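K.L.:
So you can see what is in the structure, the chains are spelled out below.
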Amino acid sequence: MEWFNDFWSTYSTLVFTVGVHALLALSIWLTLSCGLLSLANAAFMGVGAYVAALLTVNLEWSFPAVLLAGAVTPALVALLIGAPVLRLSGVYLAMATLAFGEVVRITILNLEITGGPEGLNGIPLITEGWHIVLILAVTIYSLARLRRSKIGRAFEAIKEDEIAARLMGINVDRYKLLAFTLGAFIAGLAGALNAHFTFFISPREYGFENAVDILTMAVLGGTTTLIGPMLGGTILTLLPELLRSLHDFRSLVNGAVLILVVLFLPKGIWEPRRIRAFFGRNKGDQA
Amino acid sequence: MQRVSKTLALIGALSCAGLAQAADIKLGVAEALTGGAAQYGVAIRNGFQLAAEEINAKGGINGNKIQLIIEDEQAKKEEGINVFKKLIFQDKVLMVFGPTLSNSMFAAAPVANAAKTVVFGTSNTANGITDIGPYVFRNSVMESDVLPVTVATATKHYKLKQVAVIYGNDDAFTKSGYDVFKKVLEDQKLPVTNTETYVKGDVDFKAQLTKIKGGNPDAIICSCLAEEAANIMLQARGLGIKAPFIGGNGFNSPKLFEISKLAGEGTFVGSPWANTNPAPVNKAFVAAYDKKFGGEPNQFAAQAYDALHIVAAALKDVKLSGDLNADRETLKNTLPKATLNGVTGAFKFRPAVTKTGKPGGWDADQKPFIYLVKGGKFTLYETK
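Protein chains in written order, with this note's numbering: chain A, 1 to 287; chain B, 1 to 384.
No wet-lab data here; the hints were simulated from the structure. Some hints here could point you the wrong way.
Derived pair list, reagent style SDA-like, types lysine to any residue, alpha-carbon separation capped at 25 Å [what the hints assert, rightly or not]:
id	chain 1	residue 1	chain 2	residue 2
1	B	Lys86	A	Gly129
2	A	Lys159	A	Arg147
3	A	Lys150	A	His131
4	B	Lys116	A	Lys159
5	B	Lys319	B	Ala115
6	B	Lys261	B	Gln39
7	B	Lys65	B	Val281
8	B	Lys116	A	Leu146
9	B	Lys159	B	Asn169
10	B	Lys200	A	Pro124
11	B	Lys175	A	Arg204
12	B	Lys86	A	Lys159
13	B	Lys86	A	Arg147
14	B	Lys26	A	Tyr11
15	B	Lys200	B	Lys319
16	B	Lys182	A	Thr114
17	B	Lys86	B	Gly59
Treat the numbers as computed from the prediction; the structure is a model and nothing was measured.
Modelling step: build the complete structure from the supplied sequences, incorporating the hints.
P.N.:
Structure follows, in structure tokens:
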């Protein structure tokens, strides 16, 4: 028990971050599963984080209410901007969502209530381990159910061929908006959770770099299953910490590992078909 | 049998002696050694290493050697928290220095404060950092202590009647500098002709400077980082603006005035440290730094160097018990009384004035140096 206490007091924030990154990776997986390359998730995370933190600091709302507000607000924003933006596809959508991210960042920079570029500090420590575990579990369960439902099949159909899906009678625009909004909801939730264990938030945390980071998690892990994005998020969070002993070479090795994975496993680390094939071949060798 | 017990006694005595000798004082250093703030973090680390070597060469503190445990916090807030936790709970350091940026400090200092461990910032100038709690210390002089002196000195020297202001409004450092300037100008009743803004990465400032020129100010106050400041000064001269500049901490870079050449002539800058400070301790520091790292130190290295000497001064007066929690508490109680006549001048702590009125941490109580730029070089300005 002693070693666990030691471990927990040192690494609890890291474990929390793994959970939050898993949520973020799932949020972008959702939009990707509908064939949307959206880079707005960092901005939605920021909206969620700021709304939640401001409610806690200024109005002292209870934590569940804060989390809900932190998730619903970005979802509403997604509904508003989704209608015009989702008419675009491919890189054009990526560019539009990126621009939206910049709009959010600059808005936060210039508002008085958000503390501007100096950020918001003094956010109390409220997030606990079980909050993250519970929310992550509910999210995974819901997404797993969603995949097997009519909505999930529709997402899949849109991703594979939009025109064919439309011909089959799927309301493509509405389903796209749904994926986009749900993604924003999860990202906002992740932001709200994150703000309540890091004491401080600032606009620079929700910029372009982080949008790309979130995308990297999903792509690194693989987007064919739910496990992939979570695995990617976990690896991207833990790798720098595991490499800490390398000191000056840390960033170098970290980058090299990512490049190798992308080069040799272009469909991500967790790709069921390849893993099955691998074990199948091994069995064949033994026989 | 007797021999055995003798041997045992001998072993016991030896191991005790070993314990007494090996009582290294472990101090954590969490700075941004890679990433965007590495230029500051590395200088800070160098300052600490130099100070630790010197203290250990002189026999350490009451015979105990200082052992620095240095970690990279990459100027990211999560990383800052992780590193702080590792240093405090795993490496079991007596106290932690750092992190480099105020942002990381806001995230990491509550961790140290909750663990009842002293956290000592050497480069964090933002308002509200020492509000976090009684375990938070810093020897970085805040802009609100430096700028009033800078502006007052410049006003007297140039007999200023009105000034213009330009600042970057999307950067925590330049924006908070502007807020202080604004308050100082109000306090000193100096009228402002124009206030112009830019964003990070801008290279063309002619639009803002043309407007400033129209207002005909006697001086231009600039809360900018060195990158933008060089362009602003050169373009101002290009537009025929003759007014001198008054800079915040961002101007505090010898390189800036090498680049801008004569455009920066007559600029007033306030700084917690002057490399031309003629005090013997500073001369020795500059020489030792140059010998070890091959280059001139900067303000950040100087403040880190002083910070370790301040802690050493505090530790000299106490007896460490070996019980980590008790020792951390002892340090927290002794550190406020520590004073130093270091490379940044006479230093002492003063209790922070918090927004809530609750007891906070400890800020630096130190007079800044005022520079006047002459011939592309910083010269210490003496008020006559």
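K.L.:
Hint by hint, note whether the structure agrees.
P.N.:
Taking the hints in turn, this is what the structure says about them:
no., hint, in the structure
1, Lys86/B <-> Gly129/A, "19 Å, holds"
2, Lys159/A <-> Arg147/A, "13 Å, holds"
3, Lys150/A <-> His131/A, "30 Å, violated"
4, Lys116/B <-> Lys159/A, "53 Å, violated"
5, Lys319/B <-> Ala115/B, "21 Å, holds"
6, Lys261/B <-> Gln39/B, "23 Å, holds"
7, Lys65/B <-> Val281/B, "22 Å, holds"
8, Lys116/B <-> Leu146/A, "47 Å, violated"
9, Lys159/B <-> Asn169/B, "28 Å, violated"
10, Lys200/B <-> Pro124/A, "31 Å, violated"
11, Lys175/B <-> Arg204/A, "14 Å, holds"
12, Lys86/B <-> Lys159/A, "44 Å, violated"
13, Lys86/B <-> Arg147/A, "40 Å, violated"
14, Lys26/B <-> Tyr11/A, "20 Å, holds"
15, Lys200/B <-> Lys319/B, "49 Å, violated"
16, Lys182/B <-> Thr114/A, "20 Å, holds"
17, Lys86/B <-> Gly59/B, "28 Å, violated"
This entry does not satisfy hints 3, 4, 8, 9, 10, 12, 13, 15 and 17, going by the numbered hints stated previously.
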